[in-house]
Amino acid sequence: MFSTKITKPPDVTYHNEAMNTKYIFKTIAFSIFFISTWSYSQGNFDFEKALRIDFVLSGDKQEQTATIANYLKTPNYFDSPEQSIPDFDYGSYRIVLTSSANRDTLYIKGFCTLFEEWRATPGAKQKKRAFKQTIETPFPLQKIIINLDFREKNGKFTSLLSEEFSPESLITKLIPTKFPSRIIHGTAAPSKKLDFLILAEGYTKEEAETFFNDAEKMVSELFKTPPYDRLKNKITVRAMAVSSAESGTDDPVKDEWKNTAMESTFNTFGTDRYLESLSTWKIYDYAAAHPRDHIIVLVNTKKYGGGGVYNHFSITSAGHSQSAKVLIHEIGHGLAGLGDEYYSSEVTYSGFFDLDTEPWHPNITTLVDFDSKWKNLLEDSILIPTPAKHKYKNITGVFEGAGYTAKGIYRPAFNCRMKSNEAAGFCEVCRLSIENIVNFYTH
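Everything in the sequence shown is counted per the working numbering, starting at 1 for the first residue and increasing by one.
No wet-lab data here; the hints were simulated from the structure. This one's a predicted model, so the numbers in the text were calculated from it and none came from an experiment. Even for Gly, the Cβ is constructed at its ideal location relative to N, Cα and C. Any given hint could turn out to be false.
Stated by the list, open to error - The calculated lysine-lysine pairs, modelled on DSS-like cross-linking and capped at a C-alpha distance of 25 Å, are: (1) LYS234 - LYS217; (2) LYS224 - LYS325; (3) LYS217 - LYS232; (4) LYS217 - LYS125; (5) LYS178 - LYS303; (6) LYS282 - LYS173; (7) LYS173 - LYS132; (8) LYS156 - LYS128; (9) LYS232 - LYS192; (10) LYS302 - LYS282; (11) LYS325 - LYS302; (12) LYS325 - LYS232; (13) LYS217 - LYS302; (14) LYS125 - LYS407; (15) LYS254 - LYS192.
As the list claims (entries may be wrong) - Label pairs and their computed distance ranges (CB to CB): (16) ALA245 - ASP369: 49 to 55 Å; (17) LYS128 - HIS443: 41 to 47 Å; (18) GLU379 - LYS173: 54 to 60 Å; (19) SER247 - LYS178: 18 to 24 Å; (20) ARG129 - ILE175: 45 to 51 Å.
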């Protein structure tokens, strides 16, 4: 159920039996869960090192496969046992680490991918493509089973991959390249803070100061925006001036091409404003130099654009008048798992949501299981659905149109940062969702 506070998750045991995945949930007292999970996880992981899992997702609209490309041990990763099993179920994919000895669940992390977005485009009906993906977990101290699951449109998870990993078999240890870096906001205590890491993209070595100035402007606007204004003491922001050979980014519509560190580009999936990078492994190579709960790629261009993918990274242009608003929107996706609340803008997706299934995103609903969303925040007088009339403009309601779909999907507010740049800020539901995530990283 949607909650305005962080609650501890149920005890989860994951079993993989002859290609069937079975989950057994049992609720136990908070104090017992907290103590047992903390001590159990503490003995199974090094929470200051990461197991980086590089893999490839490939396929088309009808099918997909997952293949491990590499395992790496990376530094500057500061997780905590309390974050091993979240009390929220976000993401279209998830990684589940289980003990090889007894199959007990040790770690769960949900995430999204650009590959799943591509599968919803017209091109995926005729072609197969492959996308690079990275997920990081605390480094295991014993043999584990790595389970990669995909959430089907009906909300149920199916297994894509399951294989054993032994820390003794690791053959790759990443030594990150260092670039000029600064703490833009906060302190150097990563285990107790939510850590944002801003990476420069399309800035030459001579433009490092320009990058730091751009990053500071973005962070300043972020902390003017509720709920971040109240949460800034829980957040640290670092910036690293990764240097590129050329200034700018690729703009295929204008036939402009640049040699940049992270190979960013506009016109992703045929949408001109969609600024992204498919070079995920390179981005995580650079990010390994610093603590990073969420990575932000800041691109040296004045053109409007950006993108955000949950537990992947967020990206935005630096020089447009609305760049800060775009970044705040994209972090809503990348950090908090918020869904897009707009439905009339140009996108190439079709049938992204199943109207017979409740979306996992906390800020959109099909009303299939509205009790699990923000129903508890509605005043008794609010109509469901809520008419898009002026008198409901500033209240929490159930407004039709969200998730790239005009009918059958609903959003909490008349307008919100997840719907448009014209909104004053985030709606109540999005603010609470962001606060829950920040508290998760800092409790």
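Exercise for the section: Assess, step by step, whether the Cα of LYS302 is no farther than 25 Å from the Cα of LYS282, and give holds or violated. Expected result: Measuring from Cα to Cα gives roughly 23 Å; hence the hint holds.
Practice task
For the pair we were handed, LYS224 and LYS325, check the Cα-Cα distance against 25 Å.
Solution key: 11 Å, holds
Problem - Hint consistency between LYS217 and LYS125 [alpha-carbon to alpha-carbon, up to 25 Å] - result: Not satisfied, since the Cα-Cα distance of roughly 42 Å exceeds 25 Å.
Exercise for the section: Could you say whether the range 41 to 47 Å given as a hint is met by the Cβ separation of LYS128 and HIS443? Expected result: This hint holds: roughly 42 Å between Cβ atoms.
Problem - ALA245 paired with ASP369, Cβ distance criterion 49 to 55 Å - result: 50 Å, holds
Practice task
Below or equal to 25 Å on CA atoms is what counts here, so check LYS254 against LYS192.
Solution key: 45 Å, violated
Exercise for the section: Take a look at whether the Cβ-Cβ distance between GLU379 and LYS173 falls inside 54 to 60 Å. Expected result: 56 Å, holds
Problem - 25 Å Cα cutoff - pair LYS282, LYS173 - result: 15 Å, holds
Problem - Pair hint LYS217 and LYS232, alpha-carbon separation not exceeding 25 Å - result: 15 Å, holds
Handout entry: Pairwise hint evaluation, LYS192 against LYS232, where the allowed Cα distance is 25 Å at most
Key = With Cα atoms ~13 Å apart, LYS232 and LYS192 stay inside 25 Å; holds.
Problem - 25 Å limit on alpha-carbon distance, applied to hinted pair LYS156 and LYS128 - result: 24 Å, holds
Handout entry: Given hint LYS407 paired with LYS125 - CA-CA distance at most 25 Å
Key = Roughly 24 Å between the alpha carbons, so the hint for LYS125 and LYS407 holds.
Violated hints, listed in ascending order, are 4, 5, 15, 20; each of the other numbered hints is respected by the structure.
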